[in-house]
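Visitor: Read off the chains here:
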Amino acid sequence: MNLDRSGDDQVLACGTPVGSLLALVADRAARRPDADSSTLARHVSGCAGCQRRLRELASGWEPVRREAAREVAVPPNLVEEALHGLATVRQRETSVEVVEAGGSIRVSRGALVLLVRQEVADFAAGTSTVGRPTVRVSADGVTVEVAARYGVRVPLAADALRRHLVASLDEHFGTAAPAVRVLVTDVLEP
Amino acid sequence: MERLVGHGDRELVEAAVGGADGAFDELVRRHTPRLYRVALRIVGDRADAEDVVQDAWISAWRALPRYRGDAEPSTWLYRVVTNAALGRLRRRRRMPEQPMTDAAAAILDTMPAPGGGPEAGVLRQERGDQVQRAIATLDSSQRVPLVLREFEGLDYEEIAAILGVGVPALRARLHRARVVLLGRLREVQ
Numbered sequence: 001m002n003l004d005r006s007g008d009d010q011v012l013a014c015g016t017p018v019g020s021l022l023a024l025v026a027d028r029a030a031r032r033p034d035a036d037s038s039t040l041a042r043h044v045s046g047c048a049g050c051q052r053r054l055r056e057l058a059s060g061w062e063p064v065r066r067e068a069a070r071e072v073a074v075p076p077n078l079v080e081e082a083l084h085g086l087a088t089v090r091q092r093e094t095s096v097e098v099v100e101a102g103g104s105i106r107v108s109r110g111a112l113v114l115l116v117r118q119e120v121a122d123f124a125a126g127t128s129t130v131g132r133p134t135v136r137v138s139a140d141g142v143t144v145e146v147a148a149r150y151g152v153r154v155p156l157a158a159d160a161l162r163r164h165l166v167a168s169l170d171e172h173f174g175t176a177a178p179a180v181r182v183l184v185t186d187v188l189e190p
Numbered sequence: 001m002e003r004l005v006g007h008g009d010r011e012l013v014e015a016a017v018g019g020a021d022g023a024f025d026e027l028v029r030r031h032t033p034r035l036y037r038v039a040l041r042i043v044g045d046r047a048d049a050e051d052v053v054q055d056a057w058i059s060a061w062r063a064l065p066r067y068r069g070d071a072e073p074s075t076w077l078y079r080v081v082t083n084a085a086l087g088r089l090r091r092r093r094r095m096p097e098q099p100m101t102d103a104a105a106a107i108l109d110t111m112p113a114p115g116g117g118p119e120a121g122v123l124r125q126e127r128g129d130q131v132q133r134a135i136a137t138l139d140s141s142q143r144v145p146l147v148l149r150e151f152e153g154l155d156y157e158e159i160a161a162i163l164g165v166g167v168p169a170l171r172a173r174l175h176r177a178r179v180v181l182l183g184r185l186r187e188v189q
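Protein sequence lines, in the order shown, are assigned to chains A and B.
Under UniProt numbering, the residue at position 145 of the first sequence is numbered 145, and the numbers go up by one with no gaps.
Under UniProt numbering, the residue at position 134 of the second sequence is numbered 134, and the numbers go up by one with no gaps.
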């Protein structure tokens with residue numbers, strides 16, 4: 001094969017860069033041929049010099065093509081291990097740990113969701129501004145989606161709810177309290 | 001869980017963003033083999049590839065609240081695993097170099113035995129070994145697009161989106177990667 005380290009800079013007598021021919025070879029070998037190579041492919045079909053060089057390049061590229069076609073066996077327990085690792089991280093990062101003298105208390109995500117739902121319900125009963133809460137807990141904190149009652153000033157209602165939740169969670173968890181985001185996603189009919 | 005199997009990736013991601021752990025777990029079941037394949041081709045070591053997959057899923061889960069749906073879930077996952085693999089390569093660079101033969105052998109160990117008789121199998125294994133060694137010598141900026149294009153068969157636009165580069169820049173990287181790879185293969189043949 002006549003391709004050396006500077007072979008990509010070579011240009012054939014017909015004006016075709018060798019590098020373009022290599023791209024054509026590789027793109028043909030790939031499972032999704034590149035549409036941009038069709039013009040070059042048309043030229044090559046009528047150019048003996050390009051065809052000769054293309055055959056050389058294809059021969060050199062063949063080991064790559066064969067290697068790409070080989071199956072890679074996945075370790076049998078990898079999915080289970082990934083799920084287990086994920087469950088551990090979820091548990092750790094979506095629960096709240098309150099450290100006190102002599103020990104610590106961990107509050108699970110489920111308990112945190114119930115607590116926040118109750119706080120939203122208490123707020124809604126007292127203000128009649130929001131309803132239908134959806135509570136999510138992620139590594140980023142607590143996200144509460146609510147519907148605002150028609151006619152209320154949405155930014156004010158959302159901010160009031162957020163401050164209510166922050167105060168409540170601070171009271172329960174102190175410095176371990178998760179961040180709170182409130183999103184108003186709907187409007188309740190009057 | 002059965003109910004989730006027929007759902008598309010986008011639906012699963014949206015459900016996972018909404019807090020459905022089962023939906024994210026289904027994505028893990030569905031895409032782990034692909035993520036492992038990419039990780040192994042990039043890092044060239046089985047144990048490292050397994051760690052990369054684990055790191056990738058945790059990163060993806062942590063990033064869920066920020067998922068905006070502007071990329072296909074598969075593109076997003078390729079991006080996550082690619083970043084995890086590059087992170088692993090960076091950490092490895094600070095550690096003593098692993099012999100290239102071990103890396104290539106680790107990949108070949110995971111592959112089914114070739115057909116066509118023992119001699120053909122050995123020859124094929126040698127050639128595969130050469131290809132993996134040659135790929136392992138590429139700079140990561142060339143290796144990653146090469147793996148995504150030649151081994152995963154992704155199109156240029158998708159790879160550009162995964163790597164966060166323009167298509168012309170990607171073409172230039174792939175061009176260099178192919179030329180260098182072909183040159184290295186020629187040296188050993």
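Hints in this document: simulated from the structure, not taken from any laboratory.
Please read these numbers as outputs of a predicted model, since none were measured by experiment.
Beta carbons are placed, not taken as given, at the ideal position from N, Cα and C, and that holds for glycine.
A few of these clues could be false.
What the simulated footprint calls covered on chain A by chain B, stretch by stretch (three residues with Cβ under 8 Å from a Cβ of chain B suffice, anywhere in the stretch; the number is not a length) [claimed, not checked]: (1) 15-26; (2) 53-64; (3) 94-101; (4) 147-155; (5) 161-173.
Visitor: Go check the segment 147-155 of chain A versus chain B for me, would you? Three or more residues, Cβ under 8 Å, otherwise it fails.
Guide: Result for this restraint: violated, n = 0.
Visitor: At a Cβ distance under 8 Å, does chain B reach at least three residues of the segment 94-101 of chain A?
Guide: Three-residue rule not met by the segment 94-101 of chain A, so violated; n is 0.
Visitor: Taking beta carbons only, do three or more residues of the segment 161-173 of chain A come closer than 8 Å to chain B?
Guide: violated (count 0)
Visitor: Please check whether the segment 53-64 of chain A has three or more residues whose CB lies within less than 8 Å of a CB on chain B.
Guide: holds (count 5)
Visitor: Checking C-beta pairs, does the segment 15-26 of chain A have three or more residues closer than 8 Å to chain B?
Guide: Coverage by chain B holds here, the residue count being 4 at a Cβ distance below 8 Å.
Hints 3, 4 and 5, counting from the list given before, are not met by this structure.
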